[in-house]
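Taken in sequence, the protein lines are chains D and H.
Under the working numbering, the first residue of the first sequence carries the number 1, and numbering increases by one thereafter.
Under the working numbering, the first residue of the second sequence carries the number 1, and numbering increases by one thereafter.
Treat the hints loosely; a few may be bogus.
A pair holds if it fits inside one copy or across any two, identical chains being indistinguishable in the list.
[Unchecked claim] Below are the DSSO-like pairs computed for lysine-lysine, each with C-alpha atoms no more than 30 Å apart in a straight line:
id: 1; residue 1: K104; residue 2: K13
id: 2; residue 1: K176; residue 2: K115
id: 3; residue 1: K93; residue 2: K189
id: 4; residue 1: K93; residue 2: K147
id: 5; residue 1: K277; residue 2: K104
Treat the hints as calculated values from the structure; they're not laboratory data.
Bear in mind the structure is a predicted one, so any value in this text is a computation, not a measurement.
There are 2 protein chains.
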Amino acid sequence: MPTPMQQLREIEKQLFAYHYALTAISYDDATVAPPESSEGRGEAMAVLSAAQHRLMTESGLPELLAAARAGALTEQEAAEVRELQRSYDELSKLPAEEYAAFSKLTSTAQNVWVKARANNDYASFAPYLKQIVDTRRRWAGYLSPEKAPYDHWLNEYERGASTEMLDEFFDALQAKIVPLLARIQKEGKAIRTDFLHQDWPLAQQAELARRVMRRMQVDPAHCAMGESAHPFTTEFYKGDVRITTHYDPQDMTSSLYSVVHESGHALYELHTADRLKYTVLASGASMGVHESQSRFYENYLGRSLPFLRSLWPDLVELFPTQLAGVRCEELYAAVNRAEPSLIRTEADELTYSLHILLRYRLEKQLMAGELTVEELPGAWNALMKDLLGVTVPSDAEGCLQDIHWSMGDIGYFPSYALGSAYGAQMLRRMKRELDLDGLLEAGDFGPINAWLEERIWQYGTEKEPGWLVENACGEPFDPACFAEYLEEKYTALYGLG
Amino acid sequence: MPTPMQQLREIEKQLFAYHYALTAISYDDATVAPPESSEGRGEAMAVLSAAQHRLMTESGLPELLAAARAGALTEQEAAEVRELQRSYDELSKLPAEEYAAFSKLTSTAQNVWVKARANNDYASFAPYLKQIVDTRRRWAGYLSPEKAPYDHWLNEYERGASTEMLDEFFDALQAKIVPLLARIQKEGKAIRTDFLHQDWPLAQQAELARRVMRRMQVDPAHCAMGESAHPFTTEFYKGDVRITTHYDPQDMTSSLYSVVHESGHALYELHTADRLKYTVLASGASMGVHESQSRFYENYLGRSLPFLRSLWPDLVELFPTQLAGVRCEELYAAVNRAEPSLIRTEADELTYSLHILLRYRLEKQLMAGELTVEELPGAWNALMKDLLGVTVPSDAEGCLQDIHWSMGDIGYFPSYALGSAYGAQMLRRMKRELDLDGLLEAGDFGPINAWLEERIWQYGTEKEPGWLVENACGEPFDPACFAEYLEEKYTALYGLG
């Protein structure tokens, strides 16, 4: 007779298989599936998702978890039990018919959102958003009756996050960044960007992507690159991770930095410990911790001068005419320039966090019932003016720009900023322990990867985000660190006194 | 309460979903998965296959099928019941432990075969082949005790096929082809092939592939092309079919004819009737009928002079230097030339069927116990000499060349030849009803596709191969037709009196 833990492992292996199938199908969909093939894919995914759901709800999970907890558990086993229990509780506390209805609602809402954005028609999307907000508020009551609804969802997307923590974090950010941005616009030295927009041949861009992945030591035996409309990373399992890129023929930095970003995600998944394979702990700890890694590589390493210096011979070899008369320092300044803009996904490193701050404030008010869905566009536009100094010309470029809310994801945005913040704090620590600039200039990612593997990657979901940050940084999360990092970097870049 | 037929449909939908998942995973594996990612894929596929198996054996299928049969069934429903019953019977008549053991045996045998072929070491493979032959003989006893073992397996791979039918077919073929080949070698006029082997740029080969698919009216909204080591077609469902090709930089006809061949398979799957979607009848009727379509497009249409004439302007546009000084008639002759060779997959249209004839005779003797596994290489080499006049220099180029036997597929080869034969008979009928040469010369595949859709494609697995052949040809299978077709074509091509 297998032990309860052995039976749980068997269920985890089966969950892995359904996850694998759904991942393979989604990856195929995003990369190579023919355009009008969604119907059968939807039918197949519905059956597989239902089977996965039954596996969670009809395998006697609560009894097995209780029996496992009654015995002696290793640290890893206890973490498996913890994660399975969380997933089970969530499924069992939500009425099945509400779950199905919400699935249908968000599926419709996404279609409505696509059209609303295209037609700049917020009014058509508002009723759906209202239903989504109402459902999320109600579900928070089912799942965490002791918490404010927004606190429940923050913690759902990033274990340990709360409005208390994020208020402090975003307030510190606002206090530093808003005046810094004003100074840059008033006193900052000019940055040359003319050379960015020209013809960058796709074959050379693809070769650059391959060389960057090799330099970052992303193992090609276990990680392949595809193309999709929006770049992403997906893990089949630790032995098979995929990243995608999207080539902009007029701007090679677009694909370059998406490859560095996605490779950061990929390195994390490729280096979770073997012992976690096929368990519910097998992949990265959270959205925030994952973004801390991707942004670490993209912004803290990839946009640094030493990294660009080491890449410069490749860049000049691949793009000799495009980079004729350009200095490496000019490229460095160009890929780091800061300017207020309307669209989050196109924002630079400095202003990006203000876009997130805005969404955090609005989500918090929406979930507290202090802001109605009708009032949202006005509040959005006013806050854009306050924080970034820009006038929003249309809702399409304002509160309709992101897909997240239409998918039901409220409380997800802050983890992007938390990722940058975790990363900045890891950078501070790493610089004390490694000659980071020297390694980057030599193109040697070995010690950098090993540092992150030892402190973060190996643990998968076994440890919680707060533990991982403290383990990597030698101190608890410091909400001020990221703002300090930005201030130091941008003061130097723009030659502010 | 759902009716038995409704419950069966629900099971069929679930079987579809597992088929879809396994197809997506296999397609990914063959096209874009990173090289060392097979471990997790194997784990996931084992879980999904087991779930699919349980669905067949633990869903009360025999009771549902009996209940469905007790009511009034439409023709389609009766066919669904027939196919489900066949699959169930097969699974239930085979002891589960023998099934698992055979799965393990063939998995090992494939690995052993790869090494045996590489090292020209038949002795290392022979014990595995012996076990495979023994198992297949024993299983034939479980499944069709009333039949000779080889007759069981022929009928398994191609419903309706038997040694009686195939003896007549292959005897007719041998009587015509062996002397014809001798006359070609002795008296046939020379065919120019010098221009085939040069540099054919891959980008232009890919563009040619796209144009050929468009001309054949393969709908790009529902059919995408990928690259793999060996070309194949796979259907996710009728709304999503994939073909692959493999580019030979030194021979553009390799990819050209694989694209035409696989597009023939794809057209069949893309045009099964909507009413069959998500049922067990949704895809092509059999291996033989499928090959009849792919070979129809590849050999009867694609290698015809009118088709090449209509493609000629594209060929000259894409390959101006490569085809300078070449006439279309010379390309036609070159892609149809016949010469005895050692390897089946590289054989021309005329000699290909002799390679199959050889395998048929040897399999028949093996399964009847008239030939031992030890005697196989000698028998192979002697028959190659008799039929093709070639001396086999090594088992690697002889009886070790094909993967099929190592996978347990004995009785599968004849369906390749049956496909050509069905197709030749369809061609004879189509030529009476359509101005085929005129349509090909005009590049108009519309009426050709419509003819095959009406008579073959729409029926999926609802009808059996024999019915489909008779429906398309207006007469039962004619074992002499293919040999007559070859004789006529090659007599003209080689200017034989």
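Output the indices of the hints that this structure fails to meet, ascending.
2, 3
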